[in-house]
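J.: Chain residues, written in single-letter form:
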Amino acid sequence: MELQAVLMAAGGGSRMMDLTYNTPKPLLPVGNRPLIWYPPNLLERVGFEEVIVITTKEVQKTLSTDQRLKTDVKMRLDVVCIQEEADMGTADALRHIQQKIKTDILVVSCDLITDVALHEVVDLFRAHSATLSMLMSKVHEFTETVPGQKGKKKAGEQRDFVGVDITGKRLLFMANEADLDEGLVLRKSIMRKHPRMLIKTGLLDAHLYCLKRSVVDFLVHNKSVTSIRGELVPYLVRKQFSKSLNSQNATEDSEKNHKQQDTHHNLELLSTSKDEALLQLARERSCWNDHRGDMSEAYHGGKLRCYVHIMEEGMCYRVNTLAAYIEANRVVPKLFEDPPIHPAAVVSERSLVGSDSIIGPLCQISDRTSIKRSNVGTSTTIKEKVKITNSIIMNGVTIEEGCNIQGSVICNNAVIGRGADIKYCLVGSGQRVEPEAERTNEVIVGSDQLMEI
Amino acid sequence: MADSDGRQVDSINHSTEEDVKLQEVVQAKCEGKELTKEEKQRLRKEKKQHKKNKKDDRGPPEKEKEKEKASVLAPSKPATQSPAHKAAPVPVNASASESPVAAEKPAKSKAEQRAERRARQDTERASKQGKKEGGQQSASSKPKATPNELQPVKRLPEHIQVDDPAALKKLAKKLERQQVPLRSDYGYKVSLFSHLHQYSRKNPPTQQISIPATVIHPSIVRLGLQYSQGIIAGSNARSVALLHAFKQVIQDYSTPPNEELSRDLVNKLSPYISFLSQCRPLSASMGNAIKHIKKEISNIPSQCKEEEAKRRLQECIDSYINEKIILASEAISKYAIEKISDGDVILVYGCSSLVNHILCEAFEKQRKFRVIVVDSRPRLEGREALRRLVKKGIRCTYVLISALSYILPEVSKVFLGAHALLANGYVMSRVGTSQIALVAKAYNVPVLVCCETYKFCERVQTDSFVSNELDDPDDLIVTRNGKTHLENWQTVKSLGLLNLVYDVTPPDFVDLVITDLGMIPCTSVPVVLRVKNVDQ
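Which chain is which? The protein sequence lines are F and A, in order. One point on numbering: in the numbering used here, the residue at position 253 of the first sequence is 253, and numbering is uninterrupted. One point on numbering: in the numbering used here, the residue at position 102 of the second sequence is 102, and numbering is uninterrupted.
Same shape as in the complex, but just chain F (with noise of 0.2 Å):
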């Protein structure tokens, strides 16, 4: 086998604690079905026959209940459960699985929706035997009005410095803007080698990774990396530059130098194979050289390689925010070809739904309501003379009638009383809005929820 899928549905979602706290991150609808549908599709439709999937009990007990996932989903999901407190890491998670992992991997994370040209990063990663193959696309600006924030947008997440060659294949650099204290550092090694590289800072981290088998077992060995993302993929391109006699690494500190020959040690005895003399051969009787201007050989001798395949055009989001979970809700229905309307649900005649809304099965939309640019989940009742605009209705909601709702977020099994006016705001779960109520730009959850910080 070539490959094995590993899909992270472990985390949180820390960062849209409104939406999650009482849902997982995995189960948040997104186009009417659960964000954990969307890479298993991905993986699906590009040839994949199972996944492992690393989750928590909760999920595990949706995922095996709901009936539309067994349905649409044909791949079988191997699902490992973790504990919730343990709060582990992504690598302790691959840490967690090592007995199942026989073939190189591809992690993906259940907050991806993307419709990229899969064998892209693959292809980088066969063709140069590459250690890590990664997917980045380009940043796009969110512009739907997000609910609850109040102000300017703030300057946004910490920005990401990627170094690309000029092929802007291989990745040379990476970093984040909270780890560099006054400037970006570039070794000598990595100019001498590449002399022509280009930063990219507008490059959005999709959270796919292909990695070798013998990175698994370096975690293994290092039971210090936690993250796959923030500390495992920087070393990885890092070490690519590193001499294997170590006599650069003067700066650190002597423990972490033997810690890193040890395993670096251990990266490169892991990846070495018995039919390496011809591999060897065949490449140096290829006149091929994937860079020219020095003696060196190809890939300057070196056995670590990173590669990056960014996407210039497609879709690619992270739902991690709230601002990226709206746009991914408007932008998703339209790549899949369900019909807008679901036929388990009960839409009366004289309501007035919009081409461009979907409406998940089980609803009822009573009569002279409108329906316009949203998204409406399962199991909702939605009763006479509501105006609905640009908004997101989740699961399992209650609208009375006279409602006007507007660019809104209402979350499961919320219950908005009649006639009440909500714009731009976002109704937690479970939560009820009296009716008459007028709320702008508000953010309703419940007290116990404002307690967790």
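Where hints are given, some of them may not hold.
Claimed, not checked - Examples of chain F residues lying across from chain A (beta carbon under 8 Å, computed):
1. Met1
2. Asp115
3. His119
4. Leu184
5. Val185
6. Leu186
7. Leu279
8. Leu281
9. Ala282
10. Cys287
11. Met295
Unchecked claim - Subject to a maximum C-alpha distance of 20 Å in a straight line, what follows is the list of computed DMTMM-like cross-link-like pairs (lysine to aspartate or glutamate):
12. Lys202/A <-> Glu120/F
13. Lys268/A <-> Glu2/F
14. Lys102/F <-> Asp535/A
15. Lys392/A <-> Glu284/F
16. Lys295/A <-> Asp535/A
17. Lys493/A <-> Asp508/A
18. Lys100/F <-> Glu50/F
19. Lys202/A <-> Asp290/F
Said to hold, decoys possible - Some chain F residues well away from chain A (every beta-carbon gap over 10 Å; in silico):
20. Glu2
21. Met88
22. Arg283
Calculated directly from the structure, the hints in this document are not laboratory data. For every residue, glycine included, the Cβ atom is placed at its ideal position computed from N, Cα and C.
Following the hints, put chain A in place on chain F, whose structure we already have.
T.: Leaving out everything else, chain A in the frame of chain F:
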């Protein structure tokens, strides 16, 4: 093919088929078509077998009849060579072999099915040939030059046209059956080369291959990608990488139940080879390597255990690489170094792994010479050769091929590498080589071609059009200062971009060919081929 019917058939039905066949052949005769010697021979044999069957009908009970048939059919199995899974007319062998070979029941039925299939194909072929005008037989209808009468007559179709729509459809169907994606051509092809395939690097062959690759072994997918992107380029490198990938395939192979390793593994390799040729057309060296491997696989005795067989195959691959590539290059450099004298100015073209090796060895043996590396667009492989030679310490000059006639007066000899050596003495090599040889001849500079014997190929070609390779035309586009004039070359109807890869050099321009068997003139290649075939 209703073989189930065939299996239940008794000999009477069999003979009626023979009757039909005979009738059709007689019909063809009556239509006044001229039957060649082979046809007449075949007819004679068919008649004999037909008569024998009729005799058997009246004679002993059915069991003996079947035994006869088995004896008739069983030798056909080992007679067919491994690559010849093509139909061979069974009745031809029938009369010759009388030895009753005890065949087991399942083998008999399979052989019987095959015999029925072949008989049916023969009738179809006979009728088709009767319909075609002109008695022109293709040159290859000459039967295999073996004294053994059991050898089947191998026939190629009369009109071999690569861009014939029927042939293309057949190829597409074959690829579909093997579950190998068909790669589509890209861009406008220059009319003289429109029979060749032209692919773009932007449409990789892995677009429709599932991830993870299941139908095609992952190491073969990786190899195909490396071929199509040019990461592994050069005849020797491609062959070594191919054999390495085959080693991994053999490692991961397990014989399915009721199958024999010798036959099943060869069948498994066919889709892989189709996939690789979709990525990049196979080179002559790769073709020879594949032939060798297939022969080795089919020569594995059936009682050999799987582990033992796999180990044997791996060893065989290792020894092939060792003998034909590594040791051969040692031998060639030994011969070639004799030809390099102190004070020489040697001209090389492009990046040939063998020539580089020779020059490095000569430098180590303290010969005093300098090298002129000639390079050409769009591949600019000479840069890589230049890097390797300079790294070794050899004094080099670098020119583009347009400066060839300027630099040749300085040159004392020309060393060229070859992609393949054809049976009529022509040298197939990187495009531009024939130019170098031509101009060198004009300047009376000796041209030496270095080539291992495993690259010798039985093809015959006198021009570079009939069989060549077209590379990605977008490679010819140059971007300077952000401006690309040829960006939308597809929209200009009268413009075609041609990126040829190979050309053939006639033997008049080549003074010596240095092979691992020694230094031979170009015209002795058929002799080497003949000697090789007799050895095998």
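J.: Between Lys202/A and Glu120/F, is the straight-line Cα distance small enough, at 20 Å or below?
T.: The given pair, whose Cα atoms are some 10 Å apart, holds under the 20 Å limit.
J.: Holds or violated: are the alpha carbons of Lys493/A and Asp508/A at most 20 Å from each other?
T.: violated (39 Å)
J.: Within 20 Å, alpha carbon to alpha carbon, are Lys268/A and Glu2/F?
T.: holds (18 Å)
J.: Return the status of the interface hint for Leu279/F: holds when the least beta-carbon distance to chain A is below 8 Å, violated otherwise.
T.: holds (6 Å)
J.: CA of Lys392/A to CA of Glu284/F, is that 20 Å or under?
T.: Since the Cα atoms of Lys392/A and Glu284/F sit roughly 14 Å apart, the hinted pair holds (cutoff 20 Å).
J.: If we take the beta carbon of Arg283/F, is the closest beta carbon in chain A still more than 10 Å away?
T.: It is violated; Arg283/F is separated from chain A by about 7 Å at its closest Cβ, not greater than 10 Å.
J.: Against the 20 Å threshold, does the CA-CA distance of Lys202/A and Asp290/F hold or violate the hint?
T.: holds (18 Å)
J.: Given Cys287/F as an interface hint, is the shortest Cβ-Cβ distance to chain A below 8 Å?
T.: Holds, because the Cβ-Cβ distance from Cys287/F to chain A comes to roughly 4 Å (cut-off 8 Å).
J.: Determine whether the non-interface label on Met88/F survives the test: each CB of chain A must be over 10 Å from its CB.
T.: holds (26 Å)
J.: Taking 8 Å as the limit, does the beta-carbon of Leu184/F come near enough to a beta-carbon in chain A?
T.: Result: violated, 26 Å to nearest chain A Cβ.
J.: For the hint on Leu281/F, does the least C-beta distance to chain A fall short of 8 Å?
T.: Given a least distance of 5 Å, the restraint on Leu281/F holds.
J.: Could you let me know if the closest chain A CB is still more than 10 Å away from the CB of Glu2/F?
T.: violated (4 Å)
Of the numbered hints stated above, those contradicted by the structure are hints 2, 4, 5, 6, 14, 17, 20 and 22, listed in ascending order.
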